[in-house]
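Asks: Chain by chain, the residues:
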Amino acid sequence: MSFDVPADRRYLESHEWTTTDHETVRVGITDFAQDELGDVVFVELPAEGDEVTKDAEFGVVESIKAVSDLLSPVSGTVVAVNEALFDAPELVNEDPYGEGWMIEVEPSSDGEFDALLSADDYRDSIE
Amino acid sequence: MGLRKPPLHATHADRDASFTEFGGWEMPVEFDSIRTEHAAVRESAGIFDVSHMGEIVVTGPDATALMGRLTTNDVTELDPGDTQYACITDEDGIILDDTMVFRLPDEDGQSHYLFIPNAGHDDEMYARWTEYRDEWGLDATVRDATEEWAMLALQGPDAPELASEATDGATTDIDRFKAAFCDVAGVRAFASRTGYTGEDGFEFLVPWDEAETVWSAFDCQPCGLGARDTLRLEMGFLLSGQDFDPEAEPRNPYEAGVDWTVDLDTEFVGRDALEAVEREGVDERFRGVVLQQRGVPRHGYEVVDADGEHLGHLTSGTMSPTLGEPIGLGYLSDQAPPGTRVRVVVRGEPKQANVVTPPFIDT
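Protein sequences appear in the order of chains A and B. Residue 11 in my numbering sits at position 11 of the first sequence; the count goes up by one each step and never skips. Residue 252 in my numbering sits at position 252 of the second sequence; the count goes up by one each step and never skips.
Be aware that a few hints might be false.
To be verified - Here are the computed lysine-lysine pairs in the BS3-like style, where the Cα-Cα straight-line distance is at most 30 Å:
1) Lys5(B) <-> Lys178(B)
2) Lys54(A) <-> Lys178(B)
3) Lys351(B) <-> Lys54(A)
4) Lys351(B) <-> Lys65(A)
5) Lys65(A) <-> Lys54(A)
Stated by the list, open to error - Covered stretches of chain B, as calculated for chain A (at least 3 residues, CB under 8 Å):
6) 27–37
7) 42–51
8) 287–296
These aren't lab readings, by the way, just hints derived from the structure by calculation. From a predicted model like this one, the values you see are computed outputs, not experimental measurements. The beta-carbon is built from N, C-alpha and C at its ideal position, and this holds for glycine as well.
The whole structure should be built from the sequences, with the hints applied where relevant.
Replies: In structure tokens:
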């Protein structure tokens, strides 16, 4: 099975993606991750204004069968939360790179992007 | 040692099923999505490969005595074609396994039983049966047929019609909790009108090498162990190794809410301990909880009262696909009977929940 891995994003080995606009980035989980989890039924996210730290837990995503921590690809301040997921967590399955996004972060450091995986490297890691 | 595989493993892999290890077997956990498979069983029909379940056959002049002394229910009530749910307990009355006992048509004038240990328990149960048989000097033959027969479960409101079509009507005569031999797509099978989903349906035992023919005879949603778990959870059915386990979760049938499987008028291993339990009562009972706040209850989560005092813990939990509500099963103090408001501690945060008596849904 092949999974969608958009080239315009960077990735964590733990299957989170982030956009690379250095002003405000979006964060979500990958197509591979949502497929592995199965039916997503619950998402726990931070509130606007909360601080997140690169590689540290910022929330939880739960499917019918599993619980998985969400790790932040960057450090910074949460400036938006996708509250649509609270009522419709299935958006994570249906559109993981679009409507299923989770938080927007104002990064505190540009340098953290350098350590993230490229789309090619991430694709290699899941194949 | 490698994982055991059901005879349909390659068929499931070709269908892009995902697999999981369960009881030493590599079994399909999901074909399409748990939600889709679950809904198919509640609304129409689904078929499960449950070939990881054990099959032990017991025959001979003392077969009834051996079965009766190793299971908690009264096996003498069974006529050929009858089925019975029972527990298998140790000397202390702790559940080692739960099982369906089938009385088959007599063989050579002797009583003939089949019982179904849970996945991975067949070796242990075969050993238990043969060791006690020898110790008690009983004349009975015990055979582990786990890898002779595949087991398929056709479940859902449309199951009777589908089964009738595939068996030329033979299954329409089988009442609930009864069993009979019949032909499925030309294959000799043993069919029981039983299941683990709360829906009407059948479980078919078929020769290992002919599983493919029977599996293909039913045009309905293939379902994995994921949906099987959410379906049984909505019904409050026990899962061996999780809701009870002699090591991790030692429970007697009274605590586990299956005291109706215990017949104290019979003699069986664990009887005296269970008579004392019945007399003295239990401190904790198997209950359901429904969360009133966002979150998903899971195995191992603590249950507390409004002051944070311990009331018990959960052994199973999920987001109910039918109800769209978070439900859990577990052992709660008698101070938290159905109707009590409690808190389930979800990753450190107490969430409001109500105690209920399973099942969670009407089927």
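Asks: The structure should be examined with respect to each hint, and the outcome stated for every one.
Replies: Cross-check of the supplied hints:
For the suggested pair Lys5(B) and Lys178(B), the alpha carbons sit about 29 Å apart, so the restraint of at most 30 Å is met. Among the hinted pairs, Lys54(A) with Lys178(B) is inconsistent with the structure: their alpha-carbon atoms are about 59 Å apart, more than 30 Å. Using a Cα cut-off of 30 Å, the hinted pair Lys351(B) and Lys54(A) holds, with the two alpha carbons roughly 29 Å apart. About 20 Å separates the Cα atoms of Lys351(B) and Lys65(A), which keeps this hinted pair within 30 Å; it holds.
Of the pairs offered as hints, the one joining Lys65(A) and Lys54(A) holds, with about 27 Å between alpha carbons and a cut-off of 30 Å not exceeded. Counting residues of the stretch 27–37 of chain B whose C-beta sits closer than 8 Å to any C-beta of chain A gives 5, which meets the bar of three, so the coverage hint holds. Residues of the stretch 42–51 of chain B lying with their CB closer than 8 Å to a CB of chain A number 0, which falls below the three-residue condition for coverage. With 3 residues having a beta carbon nearer than 8 Å to a beta carbon of chain A, the stretch 287–296 of chain B meets the requirement of three or more and the stated coverage holds.
Of the numbered hints given earlier, the model fails hints 2, 7; all others are met.
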